[in-house]
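Engineer: Taken in sequence, the protein lines are chains A and B. What the first sequence shows, in our numbering, is residues 1 to 396, in sequence order. What the second sequence shows, in our numbering, is residues 1001 to 1605, in sequence order.
Rather than coming from a laboratory, the hints here were simulated on the basis of the structure. Remember, predicted model here, so these are calculated numbers, not experimental data. There could be a bad hint or two in this list.
[Unchecked claim] Subject to a maximum C-alpha distance of 25 Å in a straight line, what follows is the list of computed PhoX-like cross-link-like pairs (lysine-lysine):
#  : chain 1 : residue 1 : chain 2 : residue 2
1  : B       : K1231     : A       : K151
2  : B       : K1332     : A       : K177
3  : B       : K1230     : A       : K158
4  : B       : K1231     : A       : K99
5  : B       : K1349     : A       : K127
6  : B       : K1176     : B       : K1227
7  : B       : K1231     : B       : K1176
8  : B       : K1204     : B       : K1231
9  : B       : K1230     : A       : K177
10 : B       : K1439     : B       : K1420
11 : A       : K127      : B       : K1204
12 : A       : K98       : B       : K1481
13 : B       : K1349     : A       : K177
14 : B       : K1332     : A       : K127
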Amino acid sequence: MKAVILAANRSTRLSPFIETRCKPMIRIAGQYILDNTIRFLKAAGIHDIVLVVNHQQELVRDVFGSGQELGVNIEYVVQDELLGIGHALSICQSSLEKKPFLLVYGDVLTDNNPFLSILQTYTELDKEVAMVALPDSSKEFGNVYLDHEMKISRLVEKPSDDQANYVFAGMFVLFPKIFELLEKNNNDISRCYEQMIETSGLQACLWEKGWIDMIHPWHILVANRMLMSSWETAEIDNSAELRGHVHLEGAVWIGPNVTVESGTVLKGPCYIGADSYIGNNSLIRNYSAIGPNSIVGYGSELKNCVLFGRNDVGRLSFVGDSVLGENASTGPGLTTVNHTIDFSPVICQTGQGTVETGLVKLGAFVGDSVIIGARHVLGPGAILNSGSTFPDSVTL
Amino acid sequence: MCGISGIVHSENFGRNLLNSIRNLEYRGYDSCGVAVIQNGKIDLRKNIGGIDDVNLKERLDQMQGKIGIAHTRWATHGSVTQENAHPHLSANRKFAVVHNGIISNYQQLRERLLSEGVCFESLTDTEVFVNLLEKSFAESNDLEQAFLTALQQIEGSFSIVMLSSHDPEHLYCVKKESPLLLGLGEGCNYVGSDINAFLEYTRKAVVLDEGEYVILGPNDYQIRSLKTGKKVNKSVLQIDWDLETSKKGGYSHYMLKEIFDEPQTVRQAMQIPKEQISAIAEMFDGSSRSYLMGVGTTYYVACISQYYISTIADRYYSALSSDEFSVVDIHKGDMVLAISQSGETYDTKTALVNAKDCGAQTAAIVNVMGSTISMMVDHVIMQGSGPEICVVSTKAALAQTFIMVRVALELGLIRGRITKKVYQKYQRDLEEFPEIVEKILNEQSGFVRNIARDTSHVEHWLFLGCGVYYPVAMESALKMKEVTYQHAEGMPAGFLKHGTLSMVESAVHSLFFVPPPEQKELHERTLIAMEQVKSRGGTVIALIFQGDDRAQGLASQSVKIPPVSTLFAPLIQMIIAQMFAYYAALDLGRNIDKPRNLAKSVTVG
């Protein structure tokens, strides 16, 4: 069976991290979402992958190439115009040899292999299958109704405030007849699913383990936490150097050629990517993922945060519940304020307006290549656009 | 639901055939049987009981041969007897058939065959078919033709596998509306109601579609369309998962599967004939003293019934836990109603025996047909909920409660406590209930899951309700304890201030079962208790009905249920509490279907 992964879309809601990469190229707990997807596919016996790309496709091609390194074959299909999921799928028809195939939305992340389950249901019933999951909030998704045989009996595209049920989890086993349906319905994929439910039926497969669809920037933190929660043991590369007294607790992952200076405390689960440097007396608390080639200056505290890589965190800083894009750097003494004064849920001012995050602890989102000078304080939910510069905050 | 299987050529033949139905046992387990061809003759062994019981009696695993069929039954119509168990033989014992489904026109066919001089051993529709086969074969002397001719005469839904001593190399199978699959091995082939029948032996399967029939040999199979007679080419599926997962049909746990079965279960309970329900109501009405009895979940079902009967029929009957039933001094003319899923519960059986000895009339609501309790009482209602596999009872408990609401309504009518008009209004409400359950399951799961996950770390719970919501709270607390292993205590909301309030603090969470605001008095009493908990710094979670702003204001989190008839508002909360316990246990990584230290049917004292 082949798998189609949709990785073309550019979702502005993930700003400031989406301008320079497509969603599957977001790095969480040290690895790209796409990396995770492909590894799970391979473990489920799927080696032929059709990857639909457009936005920032060069990065995907640079990192994944032909797939050889991961032991899979990747065929790239370019969706020239971003005309939705149905359209993205329709242009893959010639690559799919008129056989059932697996459709995977590239922006979903799971903590266990979901493809084993969906293929199991498909093999058992020889029917088209949709994976369904219960998200934290069903508002962002269309709801599905399930009958007692786990067939989907209804789709509710826009659920009201008092409805919350299982939603499509972005994984499907579909038959080639979907292409006829797409043609009939002007590439409207929701309409196709509805017609399938009304005619041949669409079987649900429940996913009850960790699942997240990346919509807003804070979902990066939620996903990071989800992946790291499954870590049970510490993994420290032989080439890593822990100088003097370094205190380690729990599932600490340290990549090759990392240097950690004396006096630092690492509380797992946490991740330090290859070739990074952690200065003396730092405190790296749980759910911190420091991307490769990063520097954390003396006496800094990191907590529940994702650093994409090539970051520089100046000495005596606090980075909590925050995301730093690739190559973002901060001067000494940065403080991210990670809650409101009355501990009310943080409200974020995004490019698309005000969004209630529902999260009590939330810091800042710093885009790629942002340069922050010395001694800045970032408020809860602050968003700093990629490439922006903030000069030193000096008193004299 | 029944399970059927067949094997053509296999090593360890008897054992494999037995295992094939053992793996289908979750489809039904009140009787089973096997037919094989040995020395050119059909050897048939069948009996009532679970598969291992029947094997002990009949030594099914010792059966010798190369080709055979097997069946495990879950009776929905017709009693559980050795005669009614499958396989069924034709009068000349040259044909044997196993069948899953219903032949709807079997009465007419049976009468016709009787008039033609055919003798029947059982009352089943299946025996009609097997004799039709014998007749057709006598006319055509062609087995395939005879199979097709007999099939043309029957109507209904069925999957059938036929074995005949006229062709000891092939099984004849057909699928119409009931499932049937082929399993392809090396030099031996299999057929079964689902893949579990042969998953131990082969991973290659062919799924039959509607209106297809197969002639299955050891090395070959031919699938044809019943309608056109044309050969159908089917793809062979490679199955690569384990047996345990496949039985749950896409659900990760039986518990959730069984919760999602509930609309169907309640529909079944609605179909129980009115006469059967009124028979129990009349027994209550005619007795001097009546008791409701169950143990564990069924005791709480009895407690809930107590409230329904009291409010609708103005009669108070004591609900007792079966293990404490000896406290009652039973006399002739008393009536005891027992509730048991398995019909084998030791404590309930013992109490019933005593009650009978003292001259009481007895009745029962039971899920497993042919079970001891169902056979020993004067009147039994089979709830027809289908096998319940998860140790924690969900759909069976709901169906029992639903049936007891029906009993309360009948009793109310008999005793003149409700008018015909009110009775009819309630009947209409009951008919709408399955759809409402479906809607609740499909629109509230997300909210319930989120609250369950946020609070799964809570080690101490108080489950509180007033009136009928109090036994619902107790049953829900039991569910919570069983499946999450966390401490949950159900009690009347008004009881709280008489002692338990002293343990309330922020770490102790209270789940309130808040009645709809139109049940003013109960609603008010519940809200007073909520205020008591809240003002002492306790955390309040509430199951409320939409629009109940006062209750919502008192709760830190709440599930807002769409408005429903007050008749079954408590039942809806019971379902939501089942989901709540499920999602909490899921988050805690508990062994949901088989919680530690528990067994499905407690048959020992």
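Engineer: Hint by hint, say whether it matches the structure.
Structural biologist: Hints and how they fare:
1. K1231/B x K151/A: violated (30 Å)
2. K1332/B x K177/A: Status violated; Cα separation ~70 Å.
3. K1230/B x K158/A: violated (46 Å)
4. K1231/B x K99/A: holds (22 Å)
5. K1349/B x K127/A: violated (45 Å)
6. K1176/B x K1227/B: Roughly 12 Å separates the two Cα atoms, so the pair holds.
7. K1231/B x K1176/B: The hint holds at about 17 Å.
8. K1204/B x K1231/B: holds (20 Å)
9. K1230/B x K177/A: Roughly 24 Å between the alpha carbons, so the hint for K1230/B and K177/A holds.
10. K1439/B x K1420/B: violated (29 Å)
11. K127/A x K1204/B: holds (17 Å)
12. K98/A x K1481/B: Not OK: K98/A and K1481/B at ~51 Å, beyond 25 Å, violated.
13. K1349/B x K177/A: Distance of about 57 Å is beyond 25 Å: violated.
14. K1332/B x K127/A: violated (60 Å)
Hints 1, 2, 3, 5, 10, 12, 13 and 14 from the earlier list are contradicted by this structure; the remaining hints agree with it.
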